[in-house]
Amino acid sequence: MTPEELFQHSRRQFLRQCGMGFGAAALAAMLQRDLLAAQPKIDPLHPLAPRRPPLNGKAKHVIHIFANGGPSHVDTFDRKVMLDKYHGQKLPGDYIATERKTGAAYRSPFNFKRYGKSGLEVSELFEKTAAFADDLCVIRSMKADVPNHEPSLLLMNCGEARQVRPSFGSWVTYGLGTENENLPGFITLCPGGYPIQETQNWQCGFLPGVYQGNYVDSSKRTVDELIENIRNHGLSRPAQRRQLDLLSRLNAEHQAARPQDMALEARAQSFEMAYRMQLEATDAFDISREPASVREMYGDTVQGRQFLIARRLIERGVRFVQLWHGAGQPWDSHDDLEVQHRKLAHESDQPTAALLTDLKQLGLLDETLVMWGGEFGRTPTVELPTPGSNAGKINGRDHNNHGFTMWLAGGGVKPGYVHGETDEFGFKSVKDVVHVHDLHATLLRLLGFNHEEFTFRHAGRDYRLTDVYGKIVNPLIA
Amino acid sequence: MWSRLGIFFSFTLTLTGLAEGPVPTAAQLEFFEKEVRPVLVENCYKCHGEKKQKASLRLDARDFVLKGDEVGEVVVPGHPEASRLIKAINHVKAKDVEPMPGEDDKLSPRAIAAITEWVKQGLPWPAEAAPVAHDPLQHWAFQPVKAPALPEVKAKERVKTSLDYFVLAQLEHEGLSLSPEVPKEVLAKRLYLTLWGVSPTDEEIQAFVHDTSPQATEKLVDQLLANPAFGERWGRHWLDVARYADTKGYVFEEERRYAYAYTYRDWVVAAFNRDLPYDQFLRLQIAADRLVTGEDNHDLAALGFLTLGRRFLNNQQDIIDDRMDVVMRGTQALTMGCARCHDHKFDPIPTTDYYSLYAVFNSSEEPKEKPLLKPFTPTKDSQEFDQELARLEAKASEMVKARYEGSFSLEKTTAYLTILNRSFLEKGLNVDLETKRQALYPPVYHGWEKALSTHLKPNDAVGAFWWQLREVPEVQFAVKAKELLANPVGLDPVLLENLKAKPLLKFSDVLAAYAQTLVNARGKSEVAPQKIWASFWSAEGGPLSPKPESLIASYSVSDVQGYRKLVREAEAYKATSPKSPPRAMVMQDKPNPVNGTVFLRGNAGRPGKSVPRQYLAILSSTPRQPFQHGSGRLDLANAIADKNNPLTARVMVNRAWSQVFGQPLVETPSDFGVRTPAPRNPALLDHLASDFMNQGWSMKKLIRTMVLSATFRQSAAITNVNKDPDNSLLSHMNRRRLDFEAMRDSMLRLSDRLEFKTGGQPFDLIGDFTNSRRTVYGFIDRQNLPSVFRTFDFANPDYHVPKRNQTTTPQQALWMINHPFVRSLSDSLAQRFAKLPTAEQQVTSLYRKLLGRNPTAQELKLAVDFLREEALLPVPSTWQNGVGGWNAVTKQVSFTPMKVNLKGRLTPTDQFPDPFYGHAMLTSAGGHPGNHETEAVIRRWNASAAVTVKIEGDLHVPSKVSQGVRARIVSSVHGLLGEWTVLGGETKSVTLASVALAPQEVIDFILDDWKGPNSDGFTWSPVIKDAKTGEVVSSAAGEFGQVSQVQTPLSALAQVLLECNEFNFAD
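Chains as they are written, first to last, in this note's numbering: chain G, 1 to 478; chain V, 1 to 1067.
Worth flagging that the hints you see were computed from the coordinates, not collected in a lab. Beta carbons are placed, not taken as given, at the ideal position from N, Cα and C, and that holds for glycine. Hints are supplied without guarantee of correctness; some may be wrong.
Here's a subset of chain G near chain V, in silico, CB distances under 10 Å, partners left out [as the list claims (entries may be wrong)]: (1) P151; (2) E198; (3) D245; (4) A281.
Use the sequences and the hints to build the structure in full.
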């Protein structure tokens, strides 16, 4: 390690260890207890205690950047010259049905360029992210089941389109616990309200409630508004400390008369953790503590701030952070695609690049799996007007589950690599098709789990994130 | 007679019934062993062997091969060309053939040839022991319930109720015995929490302790069982099973709240209180519609058990699956879900049984109009409700009528005729799409098409004119039209008149005349001159024939949204109006029940064989009788509530045991399938189950037996870690932590804030946590369950929940130390006891009130010391919001607090704008000043402790019209600290790098209109940080609107007692 690396390493260690609710000995014991178990063994008294996965996995954390609404792949990461050629004409071949009726081919209004050694083609929309071409692992052959938001959001998040199943983040937190028990293990940031399907996107399903994503409205600025119950408005800190000292004393007396009951001990301990959490969470969400240069790099915008918070959370050992673009379905450009996509990409390109820069600088990218994408992509054909929906405009694209793009970075994925292809117009994935279940299987492998063995017994059956599907896509793994 | 003999399952195959092949020759066997078996082993058994049987196909014995898969047979011995297996390995594309072993893993030509030859030879297979199929009938849970004899025990004197014999016998076998009996104080808390779900008050504990009669415990138990609070506690346990919630989950634009879910909740609570026999309790929840007769129909509410699950975007298959799950796991502890796609891997539940029950629910429906619960006497409220609801519903139906009527205007009729005409001229025109594109309705279009098409021919009095002109080019049109008009042979005179009314320059003029003729004739009588035109309207299948409601499906997106909004408003009114009379969420049989069809792999697009509506084979007598009554729900209910059903009583006894003793006898209360081991004490379970049935399925008697037992009354001290490490022998009682409801209800109760009031619409628990009603009556939103429910391990309302999780997390503690609920209770307790003259008396009173005992001498000293020291520590800073201003001459700030808080906006008075204060107001983000410097808006911060701070914040005035605003920061000690002016459209940073504050120093953040109040809306919310550490000391936005109230030491002490383990656990 270089001195910088060592510094970064110890800074991180420090940030996390501050967060540990127990002494070092207790931590070591905990780690040993659950070492390498095929099924995570959950101690209900410490359900978030860190656990090691059964297999080697490079990824320790996940940041899922959810471009909700469905970003257009042919306007971002999957250039199709044939669309220029066929612009305004009917595509050859059979009509492919999506949610609404679409018409002729619609060429991308954006310019593409090649980036990096890998020569990855990216449109001007993501030119800053494209600077990381040689770190990205782009999957151009994604596939989901239906062209509707609700089922596709649930499929992408929970591996099942309709029924109530735990989200990916809940599975990961259940499997790995978290490295900082003074913060929730799974945090989902969405400015201004909920996306479509709301809290179901980060539901814990049949897993215990502690593995549910903790929703934070990242349009808010102060920690009181960001996290429930984080501050006490009636007692100053010294007064609250004194109060908890008394509580601790009473609990200790009570417990002394009731030996060997770990539940009493654990509950008494949880108050100490809560006391520390007040500071820890305040600290984690307060981006004003970052140097001005770092804040500028992300930009003082809603997206910039939430991306920076995500980095601060990961740095402190939070297991899974989901970053939604906004309430509803912002990327759903049924019309005015050029204007809408330009605005949305403008909002997220700089923070995305800043996040990648920052994670790299801090040495966190290797162990942090960054994932970008929507619940599906968009049609290469233009959407036809429907009364009452797109006001007669013919300048947008419909939903497209048949083929779309996602990219991964860090966490053990193959860098500077493009996987799979859509057809020459970008309608359907045709080569090395990656279904959402396959993506989940691969992500779990990167985190150290065999998706077929990582199960939870519920209603008389062993459930998994990938249900009865999913194949690991080995080429995506470095 | 309940007979299990002869029950036959496809997969418990005895392997005798199928065709025996000819005895194979030695050469055939050698060929099989060398060429065939290795192919099968290597390529097939992973999915079609002993462990897995994908598509219900197993290939590791000849008879299994012959049995085939879920579709049917896979081989025809001797005929490879007719065998689906051979097609599959050749990857032939055909119906019901899947390429095997997989698209990318085709067998080698040699292997394919070998298998083909083997089929041709008639599947020679060596005689070998058939694989042994496990016989699920031997599983303990499927054995009839028999009352076991009471075992002999040594410690007879310990026995209180019959169950103690069984517990003691096992303990004594291990050389153990029951732990000592607890003191009455401890027993009281245990009984109240178990039976009512709340802690007892000091007075209640004392009354029990001082009742020295030998029957004191029995008396208390009977008294607790007789109180409605019992049903509220035990009803809630059942609501976990019933996945109760007040909402439907995600349903897009539909109203999410169930208006009448609460009637089911109240029915359950009442059922426990009136000790409704459990068998009848179940029957009613499954088939009350067939059982309720007579005037009083309150039991109809029981059907909420089936109907109030998640709605899965109204996907019918998922809704039925959820209903089957709640019934079968809830009452039978059998998991049906797996059998939706394939035969259950372990349990004797084939897909055919799944679809037999599926058909039962598929033959039932929910009526649109929910029945009123009767007897019901209309009141003034209910009449008002009816009127208002009728008004709201009329709005929706008026819209539907208006859309219907509007589609027959002259303009619309012309548009329909235009499309009709285009359909003749443009080949392949998608008329439906075209109709919709023009915001017209396809059903009306097709009406016109039907009515008019036959007339559009050369010599028709009605259609000839249209027919002859429709293809005439526009340049020749006027001339040609004139010609025709001049010689209108045989043309309908009414039409002719309209055609002559306006010059005919292009074809659309003709269509307009036709439309005019039609519109004029609408509703004219049979004898009028327009008779023929009137008849087009009334023609069968004509334009008027679609029902107004049937057009909704063709509405434009905005109309659909508008319509749904109106419907939602009516639904919301039903759900929220306190005047809404109670109704039952019933289900009823469809007039024509349907039989079941197996969906292969759970896919409705792949129907398999047909099955009758009948109960599970494993739980049916032989021969199995298809259900007789309607949908079959009544038969299903009777099969479940049957005394001979081996599961029903056992399952409920186990649930009750789990609630009373803190751990179930059978570890998985909703899975008694073949993989579930027998309970540690099977005789105990059977004793209780048979007793339960013999006592008329009385829940109260069952629970009474449990709580009066010596087992229940023993100490919770952990004693025998070695011999009984997980306490499965019950060598001591389990110490219990208060669950979410018990915690909230107990806190309220011991603070004298709990009101025992049964039933009714749910209250908003989250909006008003200190509401005096019990938690069971709180509103439960299944879609976005508020985090406090999850934090405290509340039952997830998405699923039937057999056992709640019990986790310990810092979020729970965070809630305890910072949530306003605990604070509010602490304050009210402190307020009451602050009047006592000495600290000792105050502390003692709090102890008695919350813990039901006196403090020890040491505790008393600790508490008194705490009260003294806490008073000396700094208090937190506080924010106040007001109007006023800084006087440059006097250097003083005038400050009048803002009093009115309306949806997050604070104003000086309840008028806005106010005649005196103008638009003065504050929000968490910013606000607007009043009209003068003296009506500035002010955020006032009281620093409390001495600290050096920095002040940060951005002041922004969005409107460019504004002449700007002025900000001042003024200290009560140091005077004016800074002044900033910001013009309209500008943003400025308002910061002070370092301010050393004295204790209690007040900082005012004053914003005035500067040069005029026009468009002076601004955003500015200061953040105060510790100058050294950067830690946020206080933030105006974060603490906005919080009535900052310093907690008194006595309140802080009360909070400690509410938080402590002693309060939150029951020994």
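Each hint, compared with the structure:
| no. | hint | in the structure |
| --- | --- | --- |
| 1 | P151 | holds (8 Å) |
| 2 | E198 | holds (6 Å) |
| 3 | D245 | holds (9 Å) |
| 4 | A281 | holds (9 Å) |
Hint compliance for this structure: every hint is met.
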